[in-house]
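Novice: These protein sequences, in sequence, are chains D and E.
Last residue of the first sequence? That's 81 in the numbering used here, and every number before it is there in order.
Last residue of the second sequence? That's 1141 in the numbering used here, and every number before it is there in order.
Just so you know, these hints were derived from the structure itself, not from any lab.
No residue lacks a Cβ here, since even glycine has one placed at the ideal position from N, Cα and C.
Careful: at least some of the hints might be erroneous.
[What the hints assert, rightly or not] FRET-style restraints, in silico, Cβ to Cβ:
id : chain 1 : residue 1 : chain 2 : residue 2 : range
1  : D       : 13        : E       : 1011      : 50 to 60 Å
2  : E       : 1134      : D       : 65        : 31 to 41 Å
3  : D       : 25        : E       : 1036      : 43 to 53 Å
4  : E       : 1141      : D       : 39        : 37 to 47 Å
5  : D       : 13        : E       : 1095      : 41 to 51 Å
6  : E       : 1106      : D       : 4         : 44 to 54 Å
7  : E       : 1031      : D       : 4         : 23 to 33 Å
8  : E       : 1031      : D       : 69        : 41 to 51 Å
9  : D       : 68        : E       : 1044      : 44 to 54 Å
10 : E       : 1093      : D       : 16        : 46 to 56 Å
11 : D       : 43        : E       : 1004      : 17 to 27 Å
12 : E       : 1119      : D       : 4         : 29 to 39 Å
13 : E       : 1004      : D       : 25        : 16 to 26 Å
[To be verified] List of simulated lysine to any residue pairs, SDA-like, C-alpha gap at most 20 Å:
id : chain 1 : residue 1 : chain 2 : residue 2
14 : E       : 1122      : D       : 52
15 : E       : 1122      : D       : 59
16 : E       : 1004      : E       : 1032
17 : E       : 1122      : D       : 58
18 : E       : 1122      : D       : 50
19 : E       : 1122      : D       : 81
20 : E       : 1122      : D       : 10
21 : E       : 1011      : E       : 1063
22 : E       : 1004      : E       : 1054
23 : E       : 1122      : D       : 79
24 : E       : 1011      : E       : 1071
25 : E       : 1122      : E       : 1030
26 : E       : 1122      : D       : 77
27 : E       : 1004      : D       : 79
28 : E       : 1011      : E       : 1054
29 : E       : 1122      : D       : 57
30 : E       : 1004      : E       : 1030
31 : E       : 1011      : E       : 1106
32 : E       : 1122      : E       : 1039
33 : E       : 1122      : D       : 60
34 : E       : 1011      : E       : 1072
35 : E       : 1004      : E       : 1081
36 : E       : 1004      : E       : 1072
37 : E       : 1004      : E       : 1037
38 : E       : 1011      : D       : 52
39 : E       : 1122      : E       : 1032
40 : E       : 1122      : D       : 40
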Amino acid sequence: MQIRVRLFASLRDAADTGECWLELAPGERGMDAKAALAARYPRLQDLVEYARLSVNWEYRPWETPLQDGDEIGFLLPVSGG
Amino acid sequence: MEAKTAYLTMKPISWNRLAYLERWAMQPSCGAFVTFAGVVRADRHEGRTVRALFYEAYAEMAERQLAYLVAETTARWSLDAVEIQHRLGLVEAGQISVVVVVRAQHRAMAYAASQFLLEGIKQRVPIWKHTHYDDGTSRSC
Chain D
1 MQIRVRLFAS LRDAADTGEC WLELAPGERG MDAKAALAAR YPRLQDLVEY
51 ARLSVNWEYR PWETPLQDGD EIGFLLPVSG G
Chain E
1001 MEAKTAYLTM KPISWNRLAY LERWAMQPSC GAFVTFAGVV RADRHEGRTV
1051 RALFYEAYAE MAERQLAYLV AETTARWSLD AVEIQHRLGL VEAGQISVVV
1101 VVRAQHRAMA YAASQFLLEG IKQRVPIWKH THYDDGTSRS C
């Protein structure tokens, strides 16, 4: 299944892109997407451990099963205000 | 202005806009109206001074999270009106980065709700700042 990934702030800088697609097997979860992302962009490996997961614009736990076409975000601690 | 709105904007937030909000806020049934404006500080770090902050957002998600935050706060303190504006893009030191406007029946509710909204923005709305210094360097978060 195809998962759209969004990256921001330092994660985007380290990956040199704000968006990519991951190919995952049916039933794979947020944590599997994190591992796949780190495998594709080794420079993200340490940084992504500080991130939270979003699935379709909502915060979700890493155990969340993903669906084909989902949009996920790896979100470092926010700093608005 | 609608009674409860929250949005992101690339345009500078002017002090005139705040004056307009205050006039709008006059409502005899409500005894308290609190406006908070967050301003970019020219902090000094290791000999460098902050010249500006660049704000970026995961816009689709940020607007959704702002709407949840407004709904939760409105219900908790029975607010009559709320408006949040958050800047994106480059905001120079001394300019407004965020405005939170709350209208409520009583002072304590208005202050508490304003504080809760600000804390919520800082904790769960996906917005990040990049710091630009006067020596030309910058730092992402």
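Novice: Check the following: the C-beta atoms of residue 43 of chain D and residue 1004 of chain E are separated by a distance inside 17 to 27 Å.
Specialist: violated (42 Å)
Novice: Are the Cα atoms of residue 1122 of chain E and residue 77 of chain D separated by 20 Å or less?
Specialist: holds (9 Å)
Novice: For the pair we were handed, residue 1004 of chain E and residue 1054 of chain E, check the Cα-Cα distance against 20 Å.
Specialist: violated (26 Å)
Novice: Given the proposed pairing of residue 1011 of chain E with residue 1072 of chain E, does the C-alpha separation stay at or below 20 Å?
Specialist: Not satisfied, since the Cα-Cα distance of roughly 27 Å exceeds 20 Å.
Novice: Just tell me: holds or violated, for the beta carbon distance of residue 68 of chain D and residue 1044 of chain E against 44 to 54 Å?
Specialist: holds (50 Å)
Novice: Within 20 Å, alpha carbon to alpha carbon, are residue 1004 of chain E and residue 1032 of chain E?
Specialist: holds (16 Å)
Novice: Take the C-alpha atoms of residue 1122 of chain E and residue 1030 of chain E, compute the straight-line distance between them, and say whether it is at most 20 Å.
Specialist: The given pair, whose Cα atoms are some 27 Å apart, is violated under the 20 Å limit.
Novice: Kindly confirm whether 16 to 26 Å is satisfied by the beta carbon distance between residue 1004 of chain E and residue 25 of chain D.
Specialist: violated (43 Å)
Novice: Assess, step by step, whether the Cα of residue 1122 of chain E is no farther than 20 Å from the Cα of residue 1032 of chain E, and give holds or violated.
Specialist: violated (24 Å)
Novice: Straight-line Cα separation of residue 1122 of chain E and residue 81 of chain D no greater than 20 Å?
Specialist: holds (6 Å)
Novice: Between the alpha carbons of residue 1004 of chain E and residue 1072 of chain E, is the straight-line distance 20 Å or under?
Specialist: holds (12 Å)
Novice: Between residue 1031 of chain E and residue 69 of chain D, does the beta-carbon spacing fit 41 to 51 Å?
Specialist: holds (50 Å)
Violated hints, in rising order: 1, 2, 4, 5, 7, 10, 11, 13, 22, 24, 25, 27, 31, 34, 38, 39 and 40; the structure is consistent with all others.
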